[in-house]
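2 protein chains.
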Amino acid sequence: MPRRCFGTSRKSCAAYTTDKYPSIKRDSRFAELTPEHVAFFKEVLGKDSYVIDGVNAEVSVDDMEPYNGDWMRKYRGHCKLVLKPGSTEEVSKILKYCNDNLLAVVPQGGNTGLVGGSVPVFDEIVINTSRLNKIRSFDDVSGILVADAGVVLEVADQYLAERGYLFPLDLGAKGSCHIGGNVATNAGGLRLLRYGSLHGTVLGIEAVLPDGTILKDLSTLRKDNTGYDLKQLFIGGEGTIGMITAISIHCPQRAKAKNVAFLGVDSYEKMQSAFREAKAQLGEILSAFEMMDARSQNLVHTVRTDLKRPLDGEHPFYCLIETSGSNAEHDTEKLETFLEDVMGKEIVTDGVVAQDETQIKALWAQRESVPECLGHWGGVYKYDLSIPLKDMYRLVEETKAKFDESGLIGETAEHPVVDVVGYGHMGDSNLHLNVAVRRYDDRVEKILEPWVYEWVSAVKGSISAEHGLGIAKKNFVGYSQSETKIKLMKQIKNLYDPNGIMNPYKYV
Amino acid sequence: MPRRCFGTSRKSCAAYTTDKYPSIKRDSRFAELTPEHVAFFKEVLGKDSYVIDGVNAEVSVDDMEPYNGDWMRKYRGHCKLVLKPGSTEEVSKILKYCNDNLLAVVPQGGNTGLVGGSVPVFDEIVINTSRLNKIRSFDDVSGILVADAGVVLEVADQYLAERGYLFPLDLGAKGSCHIGGNVATNAGGLRLLRYGSLHGTVLGIEAVLPDGTILKDLSTLRKDNTGYDLKQLFIGGEGTIGMITAISIHCPQRAKAKNVAFLGVDSYEKMQSAFREAKAQLGEILSAFEMMDARSQNLVHTVRTDLKRPLDGEHPFYCLIETSGSNAEHDTEKLETFLEDVMGKEIVTDGVVAQDETQIKALWAQRESVPECLGHWGGVYKYDLSIPLKDMYRLVEETKAKFDESGLIGETAEHPVVDVVGYGHMGDSNLHLNVAVRRYDDRVEKILEPWVYEWVSAVKGSISAEHGLGIAKKNFVGYSQSETKIKLMKQIKNLYDPNGIMNPYKYV
Chain X
1 MPRRCFGTSR
11 KSCAAYTTDK
21 YPSIKRDSRF
31 AELTPEHVAF
41 FKEVLGKDSY
51 VIDGVNAEVS
61 VDDMEPYNGD
71 WMRKYRGHCK
81 LVLKPGSTEE
91 VSKILKYCND
101 NLLAVVPQGG
111 NTGLVGGSVP
121 VFDEIVINTS
131 RLNKIRSFDD
141 VSGILVADAG
151 VVLEVADQYL
161 AERGYLFPLD
171 LGAKGSCHIG
181 GNVATNAGGL
191 RLLRYGSLHG
201 TVLGIEAVLP
211 DGTILKDLST
221 LRKDNTGYDL
231 KQLFIGGEGT
241 IGMITAISIH
251 CPQRAKAKNV
261 AFLGVDSYEK
271 MQSAFREAKA
281 QLGEILSAFE
291 MMDARSQNLV
301 HTVRTDLKRP
311 LDGEHPFYCL
321 IETSGSNAEH
331 DTEKLETFLE
341 DVMGKEIVTD
351 GVVAQDETQI
361 KALWAQRESV
371 PECLGHWGGV
381 YKYDLSIPLK
391 DMYRLVEETK
401 AKFDESGLIG
411 ETAEHPVVDV
421 VGYGHMGDSN
431 LHLNVAVRRY
441 DDRVEKILEP
451 WVYEWVSAVK
461 GSISAEHGLG
471 IAKKNFVGYS
481 QSETKIKLMK
491 QIKNLYDPNG
501 IMNPYKYV
Chain R
1 MPRRCFGTSR
11 KSCAAYTTDK
21 YPSIKRDSRF
31 AELTPEHVAF
41 FKEVLGKDSY
51 VIDGVNAEVS
61 VDDMEPYNGD
71 WMRKYRGHCK
81 LVLKPGSTEE
91 VSKILKYCND
101 NLLAVVPQGG
111 NTGLVGGSVP
121 VFDEIVINTS
131 RLNKIRSFDD
141 VSGILVADAG
151 VVLEVADQYL
161 AERGYLFPLD
171 LGAKGSCHIG
181 GNVATNAGGL
191 RLLRYGSLHG
201 TVLGIEAVLP
211 DGTILKDLST
221 LRKDNTGYDL
231 KQLFIGGEGT
241 IGMITAISIH
251 CPQRAKAKNV
261 AFLGVDSYEK
271 MQSAFREAKA
281 QLGEILSAFE
291 MMDARSQNLV
301 HTVRTDLKRP
311 LDGEHPFYCL
321 IETSGSNAEH
331 DTEKLETFLE
341 DVMGKEIVTD
351 GVVAQDETQI
361 KALWAQRESV
371 PECLGHWGGV
381 YKYDLSIPLK
391 DMYRLVEETK
401 AKFDESGLIG
411 ETAEHPVVDV
421 VGYGHMGDSN
431 LHLNVAVRRY
441 DDRVEKILEP
451 WVYEWVSAVK
461 GSISAEHGLG
471 IAKKNFVGYS
481 QSETKIKLMK
491 QIKNLYDPNG
501 IMNPYKYV
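Top line first, the protein sequences correspond to chains X and R.
Following the numbering used here, the numbering of the first sequence begins with 1 at its first residue and continues without gaps.
Following the numbering used here, the numbering of the second sequence begins with 1 at its first residue and continues without gaps.
FYI, nobody ran anything at the bench for these hints, they're computed from the structure.
Lysine-lysine pairs mimicking BS3-like chemistry, simulated, CA-CA at most 30 Å apart:
hint, chain 1, residue 1, chain 2, residue 2
1, X, Lys279, R, Lys134
2, R, Lys256, X, Lys258
3, X, Lys279, R, Lys258
4, R, Lys256, X, Lys256
5, R, Lys490, X, Lys493
6, R, Lys390, X, Lys134
7, R, Lys490, X, Lys490
8, X, Lys490, R, Lys493
9, R, Lys490, X, Lys487
10, X, Lys361, R, Lys279
11, R, Lys361, X, Lys279
Here the structure is a predicted model, which means the values were calculated and not measured.
In isolation and in its complexed conformation, chain X is listed as follows:
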């Protein structure tokens, strides 16, 4: 099930790809689509239904909409052709032809990204992975899964659940995002704390290079030290040097026991203490530590009136702690001991522990509903930042103070800003700073940028912890990376994609 924004008022938000970046011009080196090009693709893909053709006006602009825009309605392209290849070989033929004919392309999975990475900017051809959707193999001794790029994350996880295993990545968009897109964007998500990053868990990839070369590197070995680990360039490469068509990944066993606690905390100082204690006392069974401020929860409960607040009264901060282990009795004992300890030391003010799977889901909904609820009023300025833990929440406070000063924040329609909230993956030092707005507004943006990036750069953080660069952060990468590194990145791009047809106008 796709999880998308709801509410209708956000339609008033102007999409902003090229409006927002007026300096970006269509690269005139790229060819314009002709009926002859379209005829070639129709021949390769066999059936017309796999080619969504706006060139010959066979479909309307509305039919193209899901491929031309993102769910936040923030980025908007003008592609006239969507291709849905059904095999790696078809991807190879498509890319070779595009490269030979200088046709720019955008690889696209579930299109759930937050930085415009999977949305065309101008008329790039969308190559969508939805038909590359097969599980290729699974070894239930080693836990290694090989699957097509277009398998939906939740589908992969469900397949693994039936076999006692777990996909080592989980995130709010799991119902619609594709695992190939997850790897291409190096998605982080809710359980990186426990299972580590995709750079460690992905064992191999199959990818097609712009010239049609198929790089078949679907290793099913946990250890293989035979040369440069090239697949790593594609993990987080955002489709700029090739298109991932399949992955192999090491999956952990699914925990037999799971516990979730939802706690109220008085201050960010105490939140840090709670995290330190959780790491020390819950150790190897800690699988998530999520932080939310009061304002983020207030917005959730304004929109999701169906959700019950887990705790009485309001607390300045909330955290969700999850444990996953192999022995329910041991895990419960560890969690109870921890809770008694942190309540006794007054680190935590109030708390509740889920008693069954339904309650576990209800508690997780408090956290997972935040991103979608923030869009309710119209739009969201989203910042996905890595910040040293001690400094992390200070950025939210300072941002809020700036808006309070500006007079742009308030409860009525003339105020563009609804609220400034902070939440995120405490365990990974990953803050989501979000400014919920009634409409995108230059005055709001001027307050935020480049101030936020400068702030993050000053504390040696990262301007994109897990969402990637896309088009949104292309111009700001210098706040996180040195000139030397950007130069080396450009070398890699030129090496693999000398014509620059892969996902142009984005990344570095």
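Once you've looked at the hints, dock chain R against the given chain X.
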């Protein structure tokens, strides 16, 4: 403390770098060292003692020996100059000069590798990391360590132990190997099963490129999605595209409780069952599952008469299981329940559990002594292979059968082969096939190669699980990698090191 081979008879083994690879000729593009070159380096490094100079005959061949040979006495170079820079800037000046003057170099850490990767082949200059040996910083909330490349692994781990943390890598050579070398060779070791590979735990590197460019990418963030993850090319790059001068790495908390069990098992079938049960029942606390065959243990106890056999009688296989967790009582209960279960089901024949730290060390010594004891008779043919679990031990049996047929194996001096043994990291599907010999012998090698590589290739394994390619496996990489991938690897090499001065004659 360096852990090296002991016994003296191995001196009879002929070293084999260029003897073994007669097709390798010194690349005439490289300059020969002159006194002027040496004078430059002496000026850069400030003190004479940091330059070991065989060019001006200031030192003898014996002084050069530790840098020109490996501990197995298998690889031998003829370098006349060893440089020991004390800073990244010095490395930069050295490499730039070498690149400008076409002087070939070999980056060298503790020189504990097994594939000749850190030993010169001809007269390459050795750049040794031993003076880059400082811990730069440690954050005891996030567990992130930043340290110079030349810090000895055991020193780093001891530093972390004092702060309640653990280096997420452990291996037999820890007393002398350098962490920079570990990262450059993507070392796997004893606890990859639990803490994952260095591709996941290393967060950043500082490296010097051949042209002297310093790539300063010492991120201390667990999440940073701002561009291609270039550091990954250096992890396992074996010093062929640049020299690592520092790393940042995410370290887990040191477990409060540790248990080690040593078990006797009747067959390889039962060994696989024991592994499956251990994964299922010990789950998140399982930190090592090591397999040894009877012959490997017999050789250990022939050499190490000081070591007591942990079990009565002889068993066809042994395994060492380690658990690491946050609650001693829970861990002990899990381990006891597991042992009762596998003994009850007759998966395991006999077993012993360490009662204290001394016994833990004694049990680990049964496993960790294997590599050094095998060298006792003269030499070892070592194969470090990833093989699907079900096929893994069959290779040892078939290799043994081939030698039995050949008449080359036996107890007396006219037989070159002492024994064929198998041991390794069951948890990572990583077999160490070792042939202990009295002397290196062409007839032995003809039986082994390319047969072993063909065998591994046929079951889709890897010819180097964790030791790397070095010079030993350069010519065999085609058994594990496709032509496409080898071509792409060569592109990367040419991109970073167009003059080919970095660790030549090796890798791909």
